[in-house]
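Colleague: Listed below are the residues making up each chain.
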Amino acid sequence: MEGAIPPSFIADSIAKHASKTGIGGHNIFLGQVRTDDIEGKKVSAIEYTSNVEMALEKMHEIRESIFAKYAITCMHVHHSLGKVNAGELCLFVFTSSKHRKVAIDACTECVEKIKAELPIWGKELFEGEGYQWKVNS
Amino acid sequence: MEGAIPPSFIADSIAKHASKTGIGGHNIFLGQVRTDDIEGKKVSAIEYTSNVEMALEKMHEIRESIFAKYAITCMHVHHSLGKVNAGELCLFVFTSSKHRKVAIDACTECVEKIKAELPIWGKELFEGEGYQWKVNS
Amino acid sequence: MTVEVQFFGQLIDKTGKSSIQIEHTASLTQLKEILFSDFPLLKGSKFIIAINNKMATEHSAIPKDAKIALMPPFSGG
Amino acid sequence: MTVEVQFFGQLIDKTGKSSIQIEHTASLTQLKEILFSDFPLLKGSKFIIAINNKMATEHSAIPKDAKIALMPPFSGG
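So the sequence lines, in the order shown, correspond to chains D, C, P and R. Okay, so the first sequence: first residue is 114 according to our numbering, each after it adds one. Okay, so the second sequence: first residue is 114 according to our numbering, each after it adds one. Okay, so the third sequence: first residue is 2 according to our numbering, each after it adds one. Okay, so the fourth sequence: first residue is 2 according to our numbering, each after it adds one.
Don't take each hint at face value.
Stated by the list, open to error - Taking CB as the label site, the calculated pair distances span: (1) D:248 / C:116: 20 to 26 angstroms; (2) R:64 / D:165: 51 to 57 angstroms; (3) D:151 / C:184: 17 to 23 angstroms; (4) C:151 / D:165: 45 to 51 angstroms; (5) C:116 / D:125: 17 to 23 angstroms; (6) C:250 / R:65: 58 to 64 angstroms; (7) R:60 / D:133: 43 to 49 angstroms; (8) C:230 / P:26: 26 to 32 angstroms; (9) P:47 / D:119: 44 to 50 angstroms.
Unchecked claim - Negatives, chain P to chain C, calculated, CB over 10 angstroms: (10) 4; (11) 18; (12) 25; (13) 27; (14) 33; (15) 34.
None of these hints come from the bench; they were simulated from the model. If you're wondering where the values come from, they're calculated on a predicted model, not measured in any experiment. Even glycine gets a Cβ: it sits at the ideal position worked out from N, Cα and C.
Go ahead and model the full structure; you've got the sequences and the hints to work with.
Modeller: What follows is the structure in structure tokens.
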């Protein structure tokens, strides 16, 4: 989605699952833009760009692999594109399952795959001027 | 808290962390009451009771142990008491950290400890009449 | 001299009460004997005992004015 | 006969462009030679190559009308 993910969007997403009464546990991971301090310069925002077509194909593959491996009821993933300010949310991964452990493991694996496999790049914009390209650990 | 945890409460809780710009990842676990089918009877709600004084002391201990073990920025825990209908949320564990893995691991361990160590009991109320006491796996 | 004994969860079904006052005894073993005789259904039940909010062992002493809690396996979450 | 070559992330800084049209070559090795000569800064950069949205290897053939993507290490999330 364009820009930051609003907390109200997350609440709506949770509320939609009240009718799915077979669910026993949800796990949610939220990525938030940090004010990293790099040699005296502060990150004020990250601007995300993507190879959108490939990212969508890859996300589809990741979904399939997670559903094949874990007995989850549903999974929702949103990654910001464009500018996200420090303190705002840039990633939302939401898994639900009958059993808590399945939801937690599926969510964690999905987050790792998103960071490693999705063709998305973050440009860390400094306060004032300048930038550097984000590097995932 | 008394009764179910509303999704809007979760959104407010997330929104409050926007000013903590050192946070890079949040992990949230939500427990939801399942419509379990037990010998033809459906669970319509769970009624939670607690040894409140001991639960608060124990929760304090759990907090201390999680903060001692993991480099988390903050942790919030809410467990429902009283009646929570199927599809509603009964447990909310929310951890935040500079690094995603820390937040995820701290949250998972906290959920396990809550289930194993907090003096809380769930009475599974059947549709119509009857009940049985919940057993944690 | 009496102490308060609280029952939680399914133990309330077994005793029909959430708390009682009972004559003070020196040891938990003696206390359990009295409880088992007053509430025979407790005998087959799994529970742990806390004295003044601290987990007790078979050999814990019971202070006067103690608050004793009988708690079945936890099932929160 | 040309193919489209797209640059992503920090590679745009190195080339100054997000995409170019370039003469079709049979192999990726040949393509890279041309790119390195046109954009010398690319030479020291880490990237992977996709042809028509599929990851390519050194020996992948380049179809006519291919869309080629040069992508530096991902940094989403």
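Colleague: If you check each hint against the structure, which ones fail?
Modeller: Hints 1, 2 are the ones this structure does not satisfy, whereas the remaining hints hold.
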